[in-house]
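Novice: Sequence:
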Amino acid sequence: MKPLLLTLFLLTTIPFGFSQGLTSSQIDELAQRTMQAFKVPGISVGVVKDGKVVHAQGYGVRSLNSGEKTDAHTRFGIASNTKAFTATALGLLVDAGKLNWDDKVQDYIPEFKLYNPYVTEEFTIRDLLTHRSGLGLGAGDLMLWPDSNNFTLKDIIYNLRHLKPTSSFRSKYDYDNNLYIVAGEVVARVSGKSWDAFVEERILQPLGMTESAATYERLKDLGNVIDGHAVVDGKVRVIQRHRSEVDHAAASIYASVADLNKWVLLQLNRGQYGNGQRLFSEAVSKELWTPQTLVPVRSPGPYNTQFAAYGLGFHITDVKGYKQLHHTGGLEGMVTQITMIPELNLGIIVLTNQQEGGAFRAITDQIKDGYLQLTGTDRVAQYAKTRQESLAKAGNVTDAIWKHVATVQKQQKKNPDYSAYLGTYRDPWLGEVVISRKNGLLWFEAKRSPKLSGQMFAYKGTSFVVKWKERSMDADAFVNFALDTEGRATGMTMKPISPLTDFSYDFQDLNFTRLPDAKQGL
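Numbered according to mature numbering (1 follows the signal peptide of the UniProt record, and there is no 0), the sequence shown spans residues -19 to -1, 1 to 503.
Any given hint could turn out to be false.
Below, a list of computed lysine-lysine pairs in the DSS-like style, where the Cα atoms sit at most 25 Å apart [unchecked claim]: (1) 476 to 450; (2) 301 to 366; (3) 267 to 85; (4) 428 to 135; (5) 419 to 476; (6) 267 to 79; (7) 448 to 391; (8) 135 to 432; (9) 201 to 216; (10) 94 to 79; (11) 476 to 145.
Derived by calculation from the structure, the hints in this document are not laboratory data.
Work out the full structure: start from the sequences and follow the hints.
Specialist: Listed below in structure tokens is the structure:
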């Protein structure tokens, strides 16, 4: 069937509201239409209701390279949905009497140090999990993303002291990945086992999550695992798998939707699983689900949302008067979402292998609408339209920048003199960047993050735009140089050129100083 005819067929066959939720066949149709609308090669969907699994199915293909089918047992990287596992792991240690949520981090990691000495001394286990440290959104994520294995756990803990806060301690929500890595190290030091081993032995194995593992490298079977995909030069393509040796407690779990149904049932049952067995106490469940940090509500939206907060490993909001717990997760080429509405005893899991967040949101909300008895809204069409509008708006911004760059290139002489900018620059936590001439082109190269390598183009004054050689990254950036009185660069700062660049490209947190022994004319 041709794509257009299939779309029209599905539009006419999916009612948009059911008091008992969508049937499995309706979810099948919804998933197919979502893949088409958002150009996602493969999706897995799970639904649990009233203590039972009512849906677990894969759609499309694991990889455009292999064409092998996705099913309920296909493993996806769940990225930041890992954070709830880390919070739960700490809860197990609380239940065991080995730590308390409000213990000081330095009691377990003496070398832990933040920019502000007072904040360092007062920082608790709870603070590690609640995104209220005072650090800016995604601060330090360039140690993890797009490359990561050049930074060790020791590096990350040490470099936290160089990250300047953007707000006061415990006053504001700003999402953070690195502090969850520290939380994982607390688990390791208290338990005497690595975070990987602890999570597998104390959570995955008791639940029978045999298809899942703490990291990609620890998967026992690599035969049914997705490849990540992204739109590169207008086409969806397989991209390099994100693999890290340090971000485990923040983002590393690989799991199937069949296994994640078990995880969601555990959470909805407040720590119980199987035949009345208990993994963690109701007291821990209450802590995980209790709002800790308020999050601004931009608008009530379709669910009349009045409040938003972050608990321990979960976002917490209200939807049509019901409490909702949810989290998203994103790695290069894959994004996921897990949602729970405890009062409806409902859980929804959507895993995708293309870095397009509108897909998981459309499926989640359409299924949710059925149980909330909301009718008449096609979430796929709605979110696809919103996404296209956002892309067009961002495209207008970046197109204008590149148009100006082209004008500058036409006006400048054939071999402009950039000798004042050439040299080696150092940021306290990212390390060294070399600005050089490569085959006659001005070139940016980060020594500790190989993907941050690309050609630089003159923009305005002492500002340049760097176009990364790796085009799967939507993260081209401004490079702004500071000059001394002789016109020689002394340092540089950066920021992304697109409003849609992922926050983990935290260029704004970098502050490079030119090394005094930098050689000219490289």
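Novice: If you draw a straight line from the CA of residue 94 to the CA of residue 79, is it 25 Å or shorter?
Specialist: This hinted pair holds, its Cα atoms lying about 22 Å apart.
Novice: For the pair supplied as a hint, residue 135 and residue 432, confirm whether the alpha-carbon distance does not exceed 25 Å.
Specialist: Answer holds: residue 135 to residue 432 is near 22 Å, not above 25 Å.
Novice: Would the hint linking residue 301 and residue 366 be met if the CA-CA limit is 25 Å?
Specialist: Holds, at about 24 Å.
Novice: Can the restraint linking residue 267 and residue 85 be considered satisfied, given a maximum Cα separation of 25 Å?
Specialist: Cα-Cα ~21 Å, so holds.
Novice: Does residue 145 lie within 25 Å of residue 476 when you go C-alpha to C-alpha?
Specialist: Measuring from Cα to Cα gives roughly 16 Å; hence the hint holds.
Novice: Are residue 428 and residue 135 close enough, with their CA atoms no more than 25 Å apart?
Specialist: This hinted pair holds, its Cα atoms lying about 18 Å apart.
Novice: Holds or violated: residue 448 and residue 391, Cα atoms, limit 25 Å.
Specialist: holds (18 Å)
Novice: Does the alpha-carbon distance linking residue 267 and residue 79 stay inside the 25 Å limit?
Specialist: holds (19 Å)
Novice: Given the hinted pair residue 201 and residue 216, is their Cα-Cα distance within 25 Å?
Specialist: Answer violated: residue 201 to residue 216 is near 32 Å, above 25 Å.
Novice: Would the pair residue 476 and residue 450 pass a check requiring their Cα atoms to be no farther apart than 25 Å?
Specialist: holds (17 Å)
Novice: Given the hinted pair residue 419 and residue 476, is their Cα-Cα distance within 25 Å?
Specialist: holds (23 Å)
Of the hints listed earlier, the one the structure fails to meet is number 9.
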